[in-house]
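With the hints as a guide, bring the two chains together.
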Amino acid sequence: MLRKIAVPVIALLVFTLLWEWLVWFKQWPNYKMASPSDIGPAFWKYKALFFEYGWDTLWRTVAGLLLAVVVGVFLGMLMGISRTLRDALYPILVGFNAIPKATVVPVLALMFVGQHDMNTILIAFMISFFPIAVSVSIGLSTLEPEYRDILRALGASRLTVFWKIALPKTLPEFFGALKVSVTLAFIGTNLMEIVEPHGRGLGHLFDSGKINADYPLMFAVLIALAILGILLYYAVVYLEKVFAGWADTQATD
Amino acid sequence: MPASVEIENVTHAYRTGDGLLPVLKDLSLTIPAGEFTAVVGPSGCGKSTLTRLVAGLMKPDTGRVMIDGEQVSSPRSSVGMAFQNPVLLEWRTVLNNVILPLEIVAKNLSSKQKQQRAEELLSMVGLEGFESKRPSELSGGMRQRVSLCRSLAHRPEILILDEPFGALDAFTREDLWQIMRDLCKQENFTGLLITHDLRESIFLADTVVVLSDRPATSQYKLEVDLPADRNVEQIYSTAAVDMLATLRKQIEIAQGRVEGKVKGSVEGKTDRQAESPSPQTDTTAGS
Ligand SMILES: Nc1ncnc2c1ncn2[C@@H]1O[C@H](COP(=O)(O)OP(=O)(O)O)[C@@H](O)[C@H]1O
Ligand SMILES: [Mg+2]
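These protein sequence lines map, in sequence, to chains A and B.
With this note's numbering as the guide, the letters of the first sequence map in order to residues 1 to 253.
With this note's numbering as the guide, the letters of the second sequence map in order to residues 1 to 287.
This is chain B alone, in the form it adopts within the complex (with noise of 0.2 angstroms):
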């Protein structure tokens, strides 16, 4: 069962040799059960160090991390996590990469129950057939899909993805994308994605969060106004061009680069930019 996350008022600051790096400042973040939320923000805000808390891997040092109403303390095993470097176990085959979360938190199911979930998902991100081959022997994108297996496998309430697609090329990335929504439908879980490229976050998500730089706190807040079932078109359409293009300028802000706030909303679709002919290309942030 998909759990919500609430993040309430949370400050980090990292110890560092040269005293204390503030990362978080006063963020408050809510995601309710089964949604899928994108933070975005310039590279170095402090975005993987909000996945770290909600994975319970840190305690803030003030505010509260709660999951299901319940403050989050320590790691919890109802998490699945994917990263940018897939960190795949070289050693293991394919199908015993995906089974590694069973091993840990689903002791009780039999080989046979944690071979077959783990061929499950293998073929709806379709990989079937390379259950018994090495990582090694898989293109870049296939080991991000290994990696997405992985991170489902013990079919967590939450699921926290830190750039998953972020060293992909433009087209395996499009292929990745539709495989994480066909993903999100079939499996049942809240999702947490940490992206720097826009448009993947108005593909994959319902809502798109901004977060200031860094000390980081939560900027600015967009509803993806797509239909709940989307194709890769739909986010070259003007709707998600004004989107992306008032994204872009909240990112500009972020990064100090813009004087005062644009308080922009995804009703008021008056962007100017909607007329332009060709979507805009650079819509990466903080490269």
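Next comes chain A alone, as it looks inside the complex (with noise of 0.2 angstroms):
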């Protein structure tokens, strides 16, 4: 147990010191390279902004992940369940996450000017549904017939052949692609809250940063971003081992 934080915090650690050193070695001017030492007071100037645009990151990502999470598992559901409906909307959907993000975000902008949360959350959501709804969809398309047959000769309904056998087998996949979609959501938040002006956000602490040429603020940024990051994926893999710790073989308990 000990090892296991004492481990990773004497890595960060070395971490730290190799950067602070290169810094100072390589005479890195701050726009070119900040060294830790300034920016932990950056941290401190900005600290209030940082919890307050923290928070506004935190949760616009996580209201935009929950929204794919709906969709993603709606519509795998269909694609999953009908054969004719894979067809017809899985071109479409493909074609739709072959777009960049970056090109939607200056349109939804436009679209719904200042109307900042909205924008952020759509521009999560489309970014990181795409793969639960794909997940959801082999899953419960790859379900072996015998599974069904179980239940379905016994006079079961559909829906609790779906409740009781294809739902819960889907979930190690669906928490796989959770996993990526997390990540794709984080992207999408930080994506939109850079490009609005007059926005709010790590992303829009971010872009001040750069404006007014604070160096060690957008590298702060950035830490705080790659914290905010590890969060949010950590919060995932704990939900993955409370509801599907059973698809992992490797626990003894």
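Treat the hints with caution; some may be incorrect.
[Unchecked claim] Derived contacts from chain B toward chain A, CB cut-off under 7 angstroms, selection only:
{"id": "1", "residue": "V79"}
{"id": "2", "residue": "N85"}
{"id": "3", "residue": "I104"}
{"id": "4", "residue": "A106"}
No lab work stands behind these hints: they were computed from the structure.
We put the beta carbon where it would ideally sit given N, CA and C, even for glycine.
And the structure:
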């Protein structure tokens, strides 16, 4: 247990020290590479903003992701249950997913001018629902027919088969996709926050750092984003353990 | 209470990309209530299709499937099924896997009663103490035993087994034959077993039916002439080897490897193969 915490902490310390030393050794100016000793004060100076904007970024990402889960699971169910719907929907979804979302950001920003929350949540959703839809549809359509038959032979309805078997059986694939989606949603949120004028969120803080040539602030935002990203990712990992821990055959408990 | 099964002149075809695939052709087969019938035949001849018709999962194109004199048109809760793939629910404990059918058809039982029924079955197949384990912690033979318990949990009138022991090694398979025989004694059902193992068929069944190649029809029927209370040694007896030879011959005819039909019967045990000292080892067909 101690080892589990000590090893990453020591690694992080070594990394920070190397970074500090490298900046000092190379005599890099601030705008090329800020050093950890510059970043600390930057955090301190803007600590209230960091918390406020960090919260904005966090809740918008989560809201976008939740929307992606609802829509993605729904689309996945449609495609997993009906062959015709899959043939109809799949090309549209692939085409939609192929559009680089960076190009959608200004379009959305114009569509709903000034509605920062909605814009941000929408882009987080758009960028992240695809893996969920695909994984759920594959999970459902690859269900061995015998699984269906054991319940259907007893007169169970399609819905019962879905709740008792298809859905739980798809959970491992779903969480695999959710780990990808959470990262994507986070990217989406930040894209919008950076691009939108007069916005909020860490992305906006980053942008104002850029405008004011406050390089330590920009680096501080990057670090804050890394921390937030890790937080979100491990939240999903935790949920996976709770709801689909049975799929982890390594577990010996 | 076990129910009788009557399959009357059933013909069935699948609609596939390249037209109709006739699978069953004018097939008739009767299983009296409480009897155990095994069905053997070349692979792909339509055996699983037959089980799906009996379970009411499909309707035949023509002909009728009757259970206790009543035509089957949709699934009925009085059927239990087990397959080669045990299809256990990995997220449930062993006990809750066995309880699954009771959640569908015996909603009025208390959870205590459901649990007792599941425990009773699990102890019959020697899985006492494994109730709270996950399926992933069990061996292949154990998983298949759980699957058998599940298929019997709701006391079905008809038990349908589609090659349930097909993927097991020879020793585990013999264990499961004996477990299945004991289950037949303790539980009350009409049995329909699909298998490609001829020894298995004569060990477990009262009657063995050989199906012809696709489109399948019943080609040959053999009344197993062994004592009702069997042990595994008896399927290596001369009487058994005789029956195995007859069945094997019929399978070869079904596969079209032999010309002409041999109408053998079990009473006429004049087959010379009975004298060969070692029992025939190649008793599997269509593999
Ligand atoms: N749902 C289906 N649609 C089309 N063809 C099928 C379907 N199920 C089975 N078949 C075909 O019907 C034939 C008989 O299948 P099956 O009853 O599973 O045979 P068996 O169990 O004797 O091996 C096979 O050729 C198989 O490919
Ligand atoms: Mg089959």
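Now the hints, each set against the structure:
With a cut of 7 angstroms, the hint placing B/V79 at the interface with chain A holds, because the nearest CB-to-CB distance is about 5 angstroms. Against a cut-off of 7 angstroms between C-beta atoms, the interface hint on B/N85 holds, since the closest Cβ of chain A lies about 5 angstroms away. Evaluation of the B/I104 hint against chain A yields a held restraint, the C-beta minimum of about 5 angstroms falling below 7 angstroms. This hint is violated: B/A106 has a C-beta 10 angstroms from the nearest C-beta of chain A, more than the 7 angstroms allowed.
Checked against the numbered hints above, the structure violates only hint 4.
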